[in-house]
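Number of protein chains: 2
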Amino acid sequence: MTNTNRRVLLKSRPQGEPTPANFDIVDAPLPEPKDGEYLSRTIWLSLDPYMRGRMAEAKGYAANVNLGDAMVGGTVGQVIKSRNPKFKEGDYVVEYAGWQSHAVSNGAMSMKLDPNAAPLSAALSVLGMPGMTAWWGLMKIGKPKAGETVVVSAASGAVGSVVGQLAKAHGCRAVGIAGGKDKCDYVVKELGFDACVDYRAAGGNLFKEIRAAAPNGIDVYFENVGGAVQAAVVPQLNDFARVPLCGLIAHYNEMQPSPGPDWRLLLVKRATVTGFIVSDHFTDMEGFWKEVPALVKSGKLKYREDIVKGIDNAPEAFIGLLKGRNFGKLLVQVSDDPTRS
Amino acid sequence: MTNTNRRVLLKSRPQGEPTPANFDIVDAPLPEPKDGEYLSRTIWLSLDPYMRGRMAEAKGYAANVNLGDAMVGGTVGQVIKSRNPKFKEGDYVVEYAGWQSHAVSNGAMSMKLDPNAAPLSAALSVLGMPGMTAWWGLMKIGKPKAGETVVVSAASGAVGSVVGQLAKAHGCRAVGIAGGKDKCDYVVKELGFDACVDYRAAGGNLFKEIRAAAPNGIDVYFENVGGAVQAAVVPQLNDFARVPLCGLIAHYNEMQPSPGPDWRLLLVKRATVTGFIVSDHFTDMEGFWKEVPALVKSGKLKYREDIVKGIDNAPEAFIGLLKGRNFGKLLVQVSDDPTRS
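These protein sequences, in sequence, are chains A and R.
Number 120 in this note's numbering belongs to position 113 of the first sequence; there are no gaps in the numbering.
Number 152 in this note's numbering belongs to position 145 of the second sequence; there are no gaps in the numbering.
Just so you know, the hints here were simulated from the structure itself, not pulled from any lab data.
Quick caveat, the model's predicted, so the values are computed rather than measured.
Misleading hints may appear alongside valid ones.
[Said to hold, decoys possible] So the derived list for chain A, only partly shown, Cβ under 7 angstroms to chain R, looks like this: (1) Asn245; (2) Ser265; (3) Arg277.
[Claimed, not checked] Residues of chain A placed beyond 10 angstroms of chain R at every Cβ, according to the derived structure: (4) Gln237; (5) Asp269; (6) Arg347.
Here a beta-carbon is modelled for each residue, glycine too, at the ideal position from N, C-alpha and C.
Take the sequences, apply the hints, and build the full model.
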């Protein structure tokens, strides 16, 4: 067993796009679990757009990371030493250990994983926070009805891919918006969306291409990006449209406010825009557990992972995530996953 | 009995602010009711901001007025000739006769008024469309809880004045925003709001003055105006704030889209913005009828009328309404009200 804990710290707050210089990679002594705690080695680290907010000074919707602290993030680990009777050596856990190779925890927020039920890493994507985000936003805010049109931006991503597939499962027309031909092909051919618009190729025709893909207008717009996509979608909302506002990745690196759509568009269409963050709703996920694991098991709900090896590569991978460079759920493999061949 | 019907027609569509030249005032022969119809003389004509939308070419949320047609609007009239057994000569009705002194109707959308229950004109303000708008937006979208802060713009107006008084009745802190000292004094001293911000006097201090009036942040923002008020309010929304989006009078004369607030503000606060128009909900007003007439009768819900005499003055009064010149519910008295001394 190693004696060191490899950690990625927040060194400075980004001005605009994060750069590798905003991070510090250090080796610390392996922490020792106290009574009631366990020590785990991290196997999988999830990288997600919301982490950009945690790097900022400005007040966001969760405690931001202090300078010199490890970056936060959801992880899957294996218990390697335990002084907590609920967690035994060898147990797999989904936890919130952050960007480091090892962590101690009192287990209050940890959940044991059955490695036979699903791949361990699924607890960070389709069966974890991104899957719950997709389900909550679509089902509780979007409230799709069969026959309606659901448009989702960042459609090949961890959240968007689940949104579109759930929309299909509920009898809707699912239209994705993604960057690049490969992602669009994947969204339509692999995930079964009805159409996908490549916003990078569309350029000034974005409005028209979305119109062509959603000829009956848009009943639900699951918003992950903002920017030009938002500007092209909002005027195409139908009467009584619902907009689950999940993310605005196009704006996360901006230092100044970016104006949003004219509220006259929302008024005339009697549309509803609802910002949400899934952690407000973790205790109300019964519907998710009833629906989503079965869809995954049956193969009706597919997901794709984009795996980067080694925690030292987390900063670069995260910077790429904000530029849309990943293709599927971005995960850092921090150490060996014994359940994978 | 007169032989002519005085009518105000839409002559041309306004480019920006409406002017008197956009209207035509003509005398037409008195229409003759056919079998199943009645003829009424209009007593009260309601002037409301939404009418600006009906003058436009652009697709709005209701059929726009065609050039050469009479302007639309809610009215209270008295039946003067009837070939419909449900409506007798002398009956008072609330109807949608538009900007004219007389109209025929089949009665399908008319409702008889009891002149002893409330002043006739109340059917166009607190007990009519504006009152229902206030009630629906506040109660069904705003969902105020006791102890929360409700902010309403255009607070001395037909809708805003009811919003704030209902908020008080439900145990909330009610903060108005209005233009001018007289209106603000009225809102606080007559209507019983906790505070009122004069946006005209505030100038660059608008944000700070709203903060001082709503020191615990804003849980419900009932939006009637848009513009600088919106820009100052939205950053002060609390977590899980609700924004009933009822009107945007500051923008109705604009020819180009006006950007709205940065959606990052809505996302971080998990706020909900819901555009609505009351006519979608006329059939679901049970709660309104249970609550509001009793509050009016007991004197707990006050209202103020701004009365202009003569239909020829309707265009000028309407132009002033869009500039905030009215003080209270703007009504045109088209003919004598026998129930008023």
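Exercise. Which of the numbered hints are not met once you compare them with the structure shown?
Worked result: Numbers 1, 4 and 5, in rising order.
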